[in-house]
Amino acid sequence: MQTFSSNFLNWDVIQTYLPDLLAGMWVTIKLSAIILFSGLLVGTCLALVRMARLRLLNAVIIVFVDVVRALPPLMLMVVAYFGLPYLGIRLGGFAVACIVLASVLSAFTEELLWAGLSTVSVGQYEAARSTGLTFLQMMGSVVLPQAFGLIQAPLASRIIATTKNTALASVVAVPELLSQANTAQGYSGNASPLTAASLGYIIILLPMVLAARRLERPREAA
Amino acid sequence: MPRDAVSHVVTQGPAQKVLELRGLHKSFGPLSVLRSIDLIVREGEMVFLIGPSGSGKSTLLRCCNRLEEPTSGAVLVEGQDILGPKVDINQVRQRIGMVFQSFNLYPHMTARQNVTLALRKVARKSKAEADVIARRMLDHVGLSDRIDYFPRALSGGQQQRVAIARTLALEPRIVLFDEPTSALDPELVNGVLGVMRMLRNEGMTMVVVSHEMRFAREAADRIVFMADGEIVEQGTPNDIFGAPRHPRLREFLSSVGTA
Chain F
1 MQTFSSNFLN
11 WDVIQTYLPD
21 LLAGMWVTIK
31 LSAIILFSGL
41 LVGTCLALVR
51 MARLRLLNAV
61 IIVFVDVVRA
71 LPPLMLMVVA
81 YFGLPYLGIR
91 LGGFAVACIV
101 LASVLSAFTE
111 ELLWAGLSTV
121 SVGQYEAARS
131 TGLTFLQMMG
141 SVVLPQAFGL
151 IQAPLASRII
161 ATTKNTALAS
171 VVAVPELLSQ
181 ANTAQGYSGN
191 ASPLTAASLG
201 YIIILLPMVL
211 AARRLERPRE
221 AA
Chain H
1001 MPRDAVSHVV
1011 TQGPAQKVLE
1021 LRGLHKSFGP
1031 LSVLRSIDLI
1041 VREGEMVFLI
1051 GPSGSGKSTL
1061 LRCCNRLEEP
1071 TSGAVLVEGQ
1081 DILGPKVDIN
1091 QVRQRIGMVF
1101 QSFNLYPHMT
1111 ARQNVTLALR
1121 KVARKSKAEA
1131 DVIARRMLDH
1141 VGLSDRIDYF
1151 PRALSGGQQQ
1161 RVAIARTLAL
1171 EPRIVLFDEP
1181 TSALDPELVN
1191 GVLGVMRMLR
1201 NEGMTMVVVS
1211 HEMRFAREAA
1221 DRIVFMADGE
1231 IVEQGTPNDI
1241 FGAPRHPRLR
1251 EFLSSVGTA
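As they're listed, the protein sequences go chains F and H. Residue numbers for the first sequence follow the working numbering, so the first one is 1 and each next one is one higher. Residue numbers for the second sequence follow the working numbering, so the first one is 1001 and each next one is one higher.
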């Protein structure tokens, strides 16, 4: 017991590395914010483009979505970080993590939203069009709110999973929370920074998990 | 008492043409569902489209605001050909209201928000203006006490009246009704028909696809009978119900039990 607390709950060690851990937490928050924003936005745009039902474009979207969903994000990240320089594309770890994780989120968002869109009845589109709304007005005010309402629970899970996946950026040298904790553990020979880091993840993710739980509650009967 | 078809047409000459269809054709692939339809609807007229299912009534109605694209022919709204390449159809659609069989209210919005959406986005009214109009329109259809209700908390008849208010709010020149009472429980039909009767008395121009034969007989200025994508016979309710000429019409009327 004594060994456990000195190795995992050592306040002196945590205090020494606290500034690094806080800096890492800030990077994790920035990374998450950028990935969530761009992933949801791109995913929504892909679903809207897919609605135009242009055969070639849709095939491209479907291949992209399926491939990106099938591959482990860690692999995508490693390949992009170490492979792209050979093609003359040099991106920093932060950029690679953003692009890869946002792409993965956009693929899941597109697929969920596409399912949501197809359950919005044709009558909704017709009512909106018959009152003179343009395509974008119709989507923005009538169709997307309903589609997002239908998929909010699975989408919330995806958002949580994506936020946790920012820890993968540690393998491409992004100084985010897990990476900082690992470094601190290496220097100190003590696992307590990892304990502190997990507390950091809980601070970031618990509010999201609680919000998702609210969404997953069965809605009041119609 | 069936009304005379010309009773409220202005005495000095015929009223203005609000809607005119010229040689309208519509096919879905090899199937031709509308064939050379010619129809004129004048200001203040209430025209009923009747006929067996699959005769093209709803398709005809939906061609009038281009929810369906006609294959050929012309659709004129107040003299303007709305199929032309330079036509802003969203502008035109403000002048052609449409009421649907299944109401199609936006379920995530209250009655008031359903009415104000197009007022804000299409007619570009301010929020305050749109709210005033919504209040007035919902009051007009007898729902002033349901303004902030969501559709799921309203009966079918109330939902359809909200849908009518949503359409009227844009001050259309003509309203198209696509089987407005077909999805309603029998005891809720009269509320909706009452609103339509009121609109008729206010001089609203209307084209109605309906199976409510008694209502058609009582309220219509003109009845158009369609079969197999063509207009087979048209006339006043007295002509159509009292002295049907075409065998298809007689057959139809006896099948719906009004012969």
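Simulated from the structure, these hints should not be mistaken for laboratory data. Please note that the accuracy of each hint is not assured.
For the chain H half of the interface with chain F, some residues (derived, Cβ under 8 angstroms), not all of them [as the list claims (entries may be wrong)]:
hint, residue
1, N1104
2, L1170
3, R1173
4, L1188
Every residue, glycine too, gets a C-beta built ideally from N, C-alpha and C.
Now the hints, each set against the structure:
no., hint, in the structure
1, N1104, "holds (4 angstroms)"
2, L1170, "holds (6 angstroms)"
3, R1173, "violated (13 angstroms)"
4, L1188, "violated (18 angstroms)"
Checked against the numbered hints given earlier, this structure breaks hints 3 and 4; the rest are met.
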